[in-house]
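Just so you know, we're using the working numbering here: the sequence shown kicks off at 1 and counts up by one.
In case anyone wonders, no lab produced these hints; they're calculated from the structure. Even for Gly, the Cβ is constructed at its ideal location relative to N, Cα and C. Possibly wrong hints are sitting among the right ones.
[Said to hold, decoys possible] Derived SDA-like pairs (lysine to any residue); straight-line CA-CA distance at most 25 Å:
#1 78 x 7
#2 74 x 57
#3 74 x 50
#4 74 x 32
#5 60 x 276
#6 60 x 33
#7 102 x 60
#8 74 x 48
#9 74 x 54
#10 60 x 164
#11 78 x 118
#12 74 x 9
#13 87 x 169
#14 156 x 74
[Stated by the list, open to error] Per label pair, the in silico range of CB-to-CB distance:
#15 101 x 15: 22 to 32 Å
#16 48 x 109: 19 to 29 Å
#17 6 x 35: 19 to 29 Å
#18 85 x 18: 39 to 49 Å
#19 70 x 8: 50 to 60 Å
#20 242 x 38: 52 to 62 Å
#21 126 x 38: 17 to 27 Å
#22 6 x 232: 52 to 62 Å
#23 238 x 166: 22 to 32 Å
#24 39 x 5: 14 to 24 Å
#25 169 x 241: 43 to 53 Å
#26 84 x 15: 36 to 46 Å
#27 58 x 233: 45 to 55 Å
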Amino acid sequence: MPLPSILLKMVFFMRRFFLLSLFIGMIAFSYACWIEPNRIVVEHVVIPDEILWRAWGETKIVQLSDLHIDHPGKREAKLARMVTDLKPDLIVITGDMVQWEKNPAPAMAFVESLHAPLGVYCVLGDSDMSAGRQQCLFCHTAGNVHQQRDHPRMFKNSCRTVDLDESGRTMVVAGFFVEDEGNAVDRQTPFHGLPDQNSPLLVLNHFSDGWDEALGDRPRLWLAGDTHGGQIRLPDFLWERLHVVDYPRYRAGLFSDGGHKWLYVNRGIGTTGSFPFRFGVPPEITVISFQGR
Numbered sequence: 001m002p003l004p005s006i007l008l009k010m011v012f013f014m015r016r017f018f019l020l021s022l023f024i025g026m027i028a029f030s031y032a033c034w035i036e037p038n039r040i041v042v043e044h045v046v047i048p049d050e051i052l053w054r055a056w057g058e059t060k061i062v063q064l065s066d067l068h069i070d071h072p073g074k075r076e077a078k079l080a081r082m083v084t085d086l087k088p089d090l091i092v093i094t095g096d097m098v099q100w101e102k103n104p105a106p107a108m109a110f111v112e113s114l115h116a117p118l119g120v121y122c123v124l125g126d127s128d129m130s131a132g133r134q135q136c137l138f139c140h141t142a143g144n145v146h147q148q149r150d151h152p153r154m155f156k157n158s159c160r161t162v163d164l165d166e167s168g169r170t171m172v173v174a175g176f177f178v179e180d181e182g183n184a185v186d187r188q189t190p191f192h193g194l195p196d197q198n199s200p201l202l203v204l205n206h207f208s209d210g211w212d213e214a215l216g217d218r219p220r221l222w223l224a225g226d227t228h229g230g231q232i233r234l235p236d237f238l239w240e241r242l243h244v245v246d247y248p249r250y251r252a253g254l255f256s257d258g259g260h261k262w263l264y265v266n267r268g269i270g271t272t273g274s275f276p277f278r279f280g281v282p283p284e285i286t287v288i289s290f291q292g293r
């Protein structure tokens, strides 16, 4: 007995809907797996702060984060070219240079290939700590654990005063070492060589936790990573409920306490090995500059 025409139409519609959904899903999966993770975006961020601008002037900072390098390939070659073309005065990397539990040597070879007139400065992230005894490569030259690397310069609760120009203008770059997000930087974190309490700080830390409480009231720009921006674009209320990111409010972008404390969270370049996708959250190079209000 033939099916009524309305049922035939419904079956035909459902079949077309299923095939269309499957087709769209395959395109979305392919994009999230192979296209967007390699679509590096340059974000230009201007910090409107009179104190930071007076201290650091026209200094151009390029921030990278969460490289998660296992074997450098086309993406890393493209990234290096893009950074060079931006002509930064200073390059900073806020942790997770190597993929989880991988040999850090390829990641360090990539970082060593980056150059800027005022230097390249880094802090470690939690994936860098997973390298075991090989993590010594981050701070020391190969085969010599007694010689501290100067390029790139790795910070562990330490700082360096960088001469910006011949007029005597300087920038204090400070790097915190925190093994995981549960151990926040606070006022009691040991720190070596921090200059007087009035000079602004460029703070590097893999995590954003503590950015507005540590270091008292001194002006600072705190640069962080870790979150990868979530890797998948979702509404804020879903991030609050999913508990995938410990501090979903500071998932990515620029934040301020309303005074002279600033936080910027970079979306990162790489992805975690267990979730190698990005959708609506492309890899990021951040270019930071300053202006007076």
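For each hint, the structure was consulted:
no. : hint                  : verdict
1   : 78 x 7                : violated, 54 Å
2   : 74 x 57               : violated, 35 Å
3   : 74 x 50               : violated, 40 Å
4   : 74 x 32               : holds, 17 Å
5   : 60 x 276              : violated, 31 Å
6   : 60 x 33               : violated, 32 Å
7   : 102 x 60              : violated, 32 Å
8   : 74 x 48               : violated, 36 Å
9   : 74 x 54               : violated, 39 Å
10  : 60 x 164              : holds, 11 Å
11  : 78 x 118              : holds, 22 Å
12  : 74 x 9                : violated, 49 Å
13  : 87 x 169              : holds, 20 Å
14  : 156 x 74              : violated, 31 Å
15  : 101 x 15: 22 to 32 Å  : violated, 46 Å
16  : 48 x 109: 19 to 29 Å  : violated, 38 Å
17  : 6 x 35: 19 to 29 Å    : violated, 41 Å
18  : 85 x 18: 39 to 49 Å   : holds, 46 Å
19  : 70 x 8: 50 to 60 Å    : holds, 53 Å
20  : 242 x 38: 52 to 62 Å  : violated, 26 Å
21  : 126 x 38: 17 to 27 Å  : holds, 24 Å
22  : 6 x 232: 52 to 62 Å   : violated, 39 Å
23  : 238 x 166: 22 to 32 Å : violated, 51 Å
24  : 39 x 5: 14 to 24 Å    : violated, 47 Å
25  : 169 x 241: 43 to 53 Å : holds, 46 Å
26  : 84 x 15: 36 to 46 Å   : violated, 52 Å
27  : 58 x 233: 45 to 55 Å  : violated, 33 Å
The structure fails hints 1, 2, 3, 5, 6, 7, 8, 9, 12, 14, 15, 16, 17, 20, 22, 23, 24, 26, 27 (numbered hints given earlier, in ascending order).
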